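**Student:** Here's the letter readout for the chains.
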Amino acid sequence: MNIVVLVKQVPDTYSERKLSDADSTLDRDSADAVLDEINEKAVEQALQIKEAGEGEVTVVCVGPDRATDAIRKALSMGADKAVHVCDDALHGSDVLATAKVIAAAIGKGDAPDLVLAGNEATDGGGGAIPAILSELLGLPQLTHAREVSIEGQTVKATRETDEGLTYLEANLPAIVSVAEKINEPRYPSFKGIMAAKKKPVDTFTVADLGVDAGEVGLGNAWSAVTEAAPKPPRAAGQKAEDEGDGGTKIAEYLVTQKLI
Amino acid sequence: MRLSEEQRALRDTTTEFAAEHLAPHAVEWDQTKHFPVEVLRKAAQLGLGGLYLPEKFGGAALGRWDGTLVFEALAGGCPSIAAYVSIHNMVATMIDQFGDEAQRHRYLPGMSTMDSPGSYCLTEPDAGSDAGALSTRARREGEHYVLDGFKQFISGAGHSEVYVVFARTGGPGPHGISAFILDRDTPGLSFGPNEHKMGWNAQPTRQVILDSARVPAAALLGTENGGFGIAMSALDGGRLNIGACSLGGAEAALGMAVRHLSERSAFGARLSQAQALQFRLADMRTDLEAARSLLWRAATALDQDAEEATHLSAMAKRICTDTGFEVANQALQLHGGYGYLAEYGLEKIVRDLRVHQILEGTNEIMRVIISRRMLAEAA
Ligand SMILES: Cc1cc2nc3c(=O)[nH]c(=O)nc-3n(C[C@H](O)[C@H](O)[C@H](O)COP(=O)(O)OP(=O)(O)OC[C@H]3O[C@@H](n4cnc5c(N)ncnc54)[C@H](O)[C@@H]3O)c2cc1C
Ligand SMILES: Cc1cc2nc3c(=O)[nH]c(=O)nc-3n(C[C@H](O)[C@H](O)[C@H](O)COP(=O)(O)OP(=O)(O)OC[C@H]3O[C@@H](n4cnc5c(N)ncnc54)[C@H](O)[C@@H]3O)c2cc1C
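In the order they appear, the protein sequences are chains A and B.
Heads up: the first sequence is residues 224 to 483, going by the numbering used here.
Heads up: the second sequence is residues 55 to 433, going by the numbering used here.
Rather than coming from a laboratory, the hints here were simulated on the basis of the structure.
Errors might be hidden in some of the hints.
According to the in silico footprint, chain A covers these stretches of chain B (three or more CB under 8 Å from chain A) [unchecked claim]:
#, stretch
1, 55-64
2, 67-79
3, 269-282
When the alpha-carbon atoms are kept at most 35 Å apart in a straight line, the in silico DSBU-like pairs for lysine-lysine are as follows [claimed, not checked]:
#, chain 1, residue 1, chain 2, residue 2
4, B, Lys87, A, Lys414
5, B, Lys96, A, Lys420
6, A, Lys420, A, Lys273
7, A, Lys331, A, Lys462
8, B, Lys251, A, Lys404
9, A, Lys379, A, Lys454
Sample of chain B residues lacking proximity to chain A, with all beta carbon distances greater than 10 Å (derived) [unchecked claim]:
#, residue
10, Ala114
11, Ala115
12, Asp120
13, Val124
14, Ser189
15, Arg194
16, His229
17, Ala344
18, Gly391
As the structure is a computational prediction, the values presented were derived from the model and not from experiment.
Don't be surprised by glycine CBs; every beta carbon is placed ideally from N, CA and C.
Whole structure, please, built from the sequences with the hints as guidance.
**Tutor:** Structure follows, in structure tokens:
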């Protein structure tokens, strides 16, 4: 079983995240960069599938130089090898261009039986890469999976959305995007950490992949972020001073808000 | 002294583990005297059960410098648990270094997974610092050894599966001592009650009672009368790790103090604006960094098998455990009355770190080791 996991490096959700003033792209220097947690879960799922049978797990990452840290984390969790697409020309690429680059990067290796991804990245939150990739690679897609199993040549997934659960299956090869509840990703073991550096990482530029530089980057994106504003800070609540009648005051307030 | 990428990853992974699995429960475990065996097994999945063991026995094959980073990070969650993990690793490493193939295959895989936790049994009621004077006896009876005596203050006792026990097989003094590996179910082996103690409540401390405890001759670890060297060899690494545990606990306490001073106001200003307190923080940070520098240097010496490793380890143990306790106690002070309350977790750290100045060789004994060498060189 040849499993490809798509991983992205994102700003740590615990640090302050900003867009750069110059071009409204992500200001990657303003925050700690980490392997997206949803991708840790995708890697965990790949490792569980591998451990239940056999196979090889390759992580594919499109990102700047320092994304090597995210790649190494995935390798230290137990992935076998990595493909890193790293090229300044990619700065500001939209989902379409990114998906094309990922498709080309996947094409560099042996044809995968299963492609695993997070359902959406915690930074951009586009949530479209798995779907576009399904189109580009001509593979069935099972998205928002909270459970995945492989039975012979079939992949089964439980899809969870606000509407409820759907039980899906597709023939392999297929693309599966995993949701928040899929699993608890493992910690990298010390052995895994020490081994990670020795695992192969192939690095490609856009040209290496045969992708036209005119199709990627900020200038060629089909959509543009024109402006961004931070969420307004939460306004201070209204205080009721308790002079023995605190309960009544709160009740009166709730009545004015038509809540009771 | 730059950490490698791997070393940073070891430290960061352990920090995350400690923050998720130890820190939220540390005060409760202390209060209820709960030894979280299940969490130790989880820790073993990272590699904490066999940090220095070869991979073929499930170990992580780390060096001593790596180990100090891991223990400092782990102690950030709970110094008492981290220190027990260090003792367990001392036992595993002794069996790895001095055991024969049969002993290594029998014990090490289970120790790596923490299914078989270990205890180190040297101290006796009447022989602590002067361990070479221990009086537990082991007599040879045909294909067996029979052990009689008491071991005092044994960490993990009662819970542990593997006991490395030092007992006298020859004449008086350190050269008449042998090491034995005992299983928990050895006939004649039993345990005293869990001691009531100032700190380290998240791990049990019991007497180990040997009443004609009978083990096969194959339980001898290393050579007959070669046990004292085995006991001492484990202590170099153990002392580094106990020093690291003190730094980790103190760092956690210092972090809390910085937050507390930034949030609390008195006399019309944040406490963090009082220069007296700012300078105190600066000194705490500086003292910890200085202690850490010596710890890393000693650990590197041990990794390189350098001749000065033993006395550098003694210096590092002394400075890290004294500094760690002092910094944690200062952090308590900076919390005012709240530092004294259990719920804030500070007094627990102070109580835990206090014993690090006493065990693995008291800090007076560290000075004995250091000065003995100085004076021998001068003579
Ligand atoms: C919670 C806890 C857990 C422990 N866990 C273990 C364990 O797992 N395994 C184990 O084997 N032991 C363990 N110990 C024992 C510990 O190592 C001893 O307590 C320690 O070595 C000191 O020995 P002692 O208590 O007999 O003190 P003593 O040796 O009686 O010392 C009393 C005092 O005299 C000082 N002193 C002694 N000799 C000299 C000297 N020559 N010069 C100057 N001062 C000196 C000491 O520094 C100390 O201050 C543990 C102890 C505690 C409290
Ligand atoms: C067990 C216990 C029993 C108690 N019993 C009583 C009682 O019966 N009645 C009662 O009224 N109170 C009692 N107290 C409260 C006690 O008196 C206070 O905790 C103490 O006065 C410190 O106040 P605080 O805790 O608010 O600390 P804070 O005032 O917040 O001080 C925090 C730290 O900042 C330092 N600090 C504060 N201001 C300055 C400054 N300007 N310059 C330099 N350093 C500064 C302090 O020394 C301390 O280290 C008790 C406390 C405890 C723990």
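**Student:** Is lysine 251/B close enough to lysine 404/A, meaning Cα to Cα at most 35 Å?
**Tutor:** violated (43 Å)
**Student:** Are the Cα atoms of lysine 331/A and lysine 462/A separated by 35 Å or less?
**Tutor:** Violated. Lysine 331/A to lysine 462/A sits at ~62 Å, over the 35 Å cutoff.
**Student:** Quickly compare the C-alpha distance for lysine 420/A and lysine 273/A to 35 Å and report which way the hint goes.
**Tutor:** With a Cα-Cα distance of about 21 Å, the restraint between lysine 420/A and lysine 273/A holds, given a limit of 35 Å.
**Student:** How about the stretch 55-64 of chain B: do at least three of its residues have a C-beta closer than 8 Å to a C-beta of chain A?
**Tutor:** holds (count 4)
**Student:** Just to be careful, I want the Cα atoms of lysine 379/A and lysine 454/A compared with a cutoff of 35 Å; is the pair within it?
**Tutor:** violated (39 Å)
**Student:** Verify that the Cβ of glycine 391/B lies farther than 10 Å from every Cβ atom of chain A, and report whether the claim holds or is violated.
**Tutor:** holds (25 Å)
**Student:** So if I understand the rule, the pair passes when the alpha-carbon distance is 35 Å or less; does lysine 96/B with lysine 420/A pass?
**Tutor:** holds (24 Å)
**Student:** At a Cβ distance under 8 Å, does chain A reach at least three residues of the stretch 269-282 of chain B?
**Tutor:** Violated - the stretch 269-282 of chain B has 0 residues with a Cβ nearer than 8 Å to chain A, which falls short of three.
**Student:** Holds or violated: is the Cβ of valine 124/B farther than 10 Å from all Cβ atoms of chain A?
**Tutor:** Check fails; 7 Å does not lie beyond 10 Å.
**Student:** Quick check: the stretch 67-79 of chain B, covered by chain A? Criterion 3+ residues, Cβ under 8 Å.
**Tutor:** holds (count 3)
**Student:** Over 10 Å to the closest beta carbon of chain A is the bar; see if alanine 114/B clears it.
**Tutor:** Its Cβ does come within 10 Å of chain A, the nearest being 4 Å, so this is violated.
**Student:** Is the Cβ of aspartate 120/B more than 10 Å away from each Cβ in chain A?
**Tutor:** Its Cβ does come within 10 Å of chain A, the nearest being 8 Å, so this is violated.
When the structure is compared with the earlier hints, violations turn up for hints 3, 7, 8, 9, 10, 11, 12 and 13 and for no others.
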